[in-house]
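Participant: Listed here are the chains, written in short residue letters.
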Amino acid sequence: MRHRVWSGVVMAVTSLAVVSLLAQTQAPAQGQNNTKDKAKSGGGGGLYRNQAPAPNGPAPKLANGTPDLSGVWLGSGGNDSDISTPRSLKPGDKVIMLPWAEALMKTRLSKQDPEANCLPAGIPRGSPYPWRIVQTPTHYFILFEGNIHSYRQIFMNAKHPDDPDPTWYGHSVGKWEGNTLIVDTVGFNDKFWFDYKGHPHTEQLHTVERYTRTDMGHMAIEVTIDDPGTYMQPFTTIGRATLMPGAEILEYICQENNQDLQRLEGPVRGPGLQ
Amino acid sequence: MRTTIAAGITSGILLASGIQLLAHHSGAAEFDVNSHIELSGVVTKIEWTNPHAHFYIDVKDASGKVANWNLELASPNVLVRNGWSRHSLKEGDQVNVTGLRAKDNSNVGHANTITFPDGRQLSFGSGPGN
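Chains as they are written, first to last, in the working numbering: chain A, 1 to 274; chain B, 1 to 130.
Watch out, some of these pointers could steer you wrong.
To be verified - Below 27 Å or equal to it, Euclidean Cα-Cα: the simulated DSS-like pairs (lysine-lysine) are:
no.	chain 1	residue 1	chain 2	residue 2
1	A	111	A	175
2	B	60	A	111
3	B	103	A	106
4	B	90	B	60
5	A	159	A	191
As the list claims (entries may be wrong) - Pulled a few chain A residues facing chain B out of the computed Cβ check, cut under 10 Å:
no.	residue
6	100
7	113
8	149
9	215
10	250
11	260
In short, the hints are calculated from the structure, not lab data. Glycine included, each C-beta is placed from N, C-alpha and C at the ideal position.
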């Protein structure tokens with residue numbers, strides 16, 4: 001057995017494909033139609049080598065004129081590493097925590113991250129895994145491959161219950177404003193973290209997501225986060241998703257063999273090796 | 001046995017991004033960026049599981065003593081979308097593996113590149129050809 005110097009060249013080649021996912025999942029939504037994410041390694045057009053390029057062309061509509069968001073998408077509405085990263089926030093917005101939240105975040109450990117424990121990532125935290133939107137007249141569904149392998153349901157043109165039980169994904173109602181789907185969610189529990197850094201929230205959290213399919217293969221996602229129990233003022237995160245044409249959601253049961261948890265050490269860290 | 005420093009800052013940055021995107025947890029909290037490993041051995045077991053696939057290899061040192069190493073890969077879904085299949089690596093395969101060792105100094109590692117005797121390579125997030 002030998003330990004020795006690593007060749008940077010091999011690592012660099014190996015890592016290029018996954019770096020492209022970073023761009024896809026966490027880049028801000030500005031410049032939705034740029035071609036940056038079309039110039040990927042391998043035969044595909046995205047993170048994954050077997051991923052077909054995202055198509056261009058006009059955003060489709062259903063027969064009744066409603067924008068059609070259905071399909072398998074990759075991306076999220078914010079910066080999963082650090083939700084307060086300025087480039088992933090609406091210009092001028094700032095994430096200013098109340099003192100208790102700032103103190104709590106400093107005590108959080110990597111192994112406590114719900115994501116690492118195979119628990120839901122909440123809103124708007126994303127993952128390297130795609131998700132599918134399914135539209136029906138009364139309900140829209142977001143089916144997550146991971147993490148975790150679960151779903152959200154959005155009740156269209158409905159109202160929130162007066163006193164919803166706190167849940168990981170909350171209670172979501174949807175409506176259309178022009179070509180933008182507005183998803184309003186309340187009734188969250190306080191358990192998920194907004195990012196790897198451990199930004200917290202309370203049950204007062206209220207999110208408003210705005211999904212706009214800017215063309216056939218791309219979707220702009222903005223999420224306004226309002227939690228007066230944790231943050232001095234609301235802020236809006238900016239993200240995007242890319243269509244994965246021909247892709248299917250695969251099974252991902254995170255609890256199956258989660259060996260990592262027992263080996264995670266120390267305070268919260270970024271998802272990489274920083 | 002000796003542990004040495006990574007060859008290039010660039011490669012480190014890229015690897016960091018790779019783990020960032022293909023793991024459901026902090027890579028830095030589990031693996032030591034300064035503990036690079038290169039292991040040669042025979043595959044004894046494969047776990048095609050979530051949230052990560054793992055494979056195990058028997059590694060023989062100069063004195064003939066055998067140690068079994070547990071090496072982590074991306075999830076099967078990520079691997080499949082990058083050209084792997086569950087048959088890409090088989091029990092009995094002779095492999096050379098580079099990667100990072102777990103911070104707890106156990107015989108656990110994050111496998112970055114797997115090289116077969118004929119030169120074929122598999123990597124953490126990518127299958128043959130990458």
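Participant: For each hint, tell me whether it holds in the structure or not.
Facilitator: Results of checking the hints against the structure:
Proposed proximity of residue 111 (chain A) and residue 175 (chain A) is contradicted: the alpha carbons are some 38 Å apart, above 27 Å. Pair hint residue 60 (chain B) plus residue 111 (chain A) does not hold up; C-alpha atoms about 33 Å apart against a cutoff of 27 Å. Straight-line distance between C-alpha atoms of residue 103 (chain B) and residue 106 (chain A) comes to about 22 Å, which keeps the hinted pair within the 27 Å bound. Pair hint residue 90 (chain B) plus residue 60 (chain B) holds up; C-alpha atoms about 19 Å apart against a cutoff of 27 Å.
Note on residue 159 (chain A) and residue 191 (chain A): the hinted pairing holds, with a Cα-Cα distance of about 24 Å set against a maximum of 27 Å. Among the interface hints, the one on residue 100 (chain A) is violated; its C-beta lies about 24 Å from the nearest C-beta in chain B, farther than the 10 Å criterion. With a least beta-carbon distance of about 7 Å to chain B, the hint placing residue 113 (chain A) at the interface is held under the 10 Å criterion. Because the beta carbon of residue 149 (chain A) sits about 8 Å from the nearest beta carbon in chain B, less than 10 Å, this interface hint is met.
Hint status for residue 215 (chain A) relative to chain B: violated, with the closest Cβ pair at about 23 Å, above 10 Å. With its C-beta approaching chain B no nearer than about 5 Å, residue 250 (chain A) sits inside the 10 Å limit, and its interface hint holds. Taken as an interface hint, residue 260 (chain A) checks out: its beta carbon lies about 5 Å from the nearest beta carbon of chain B, inside 10 Å.
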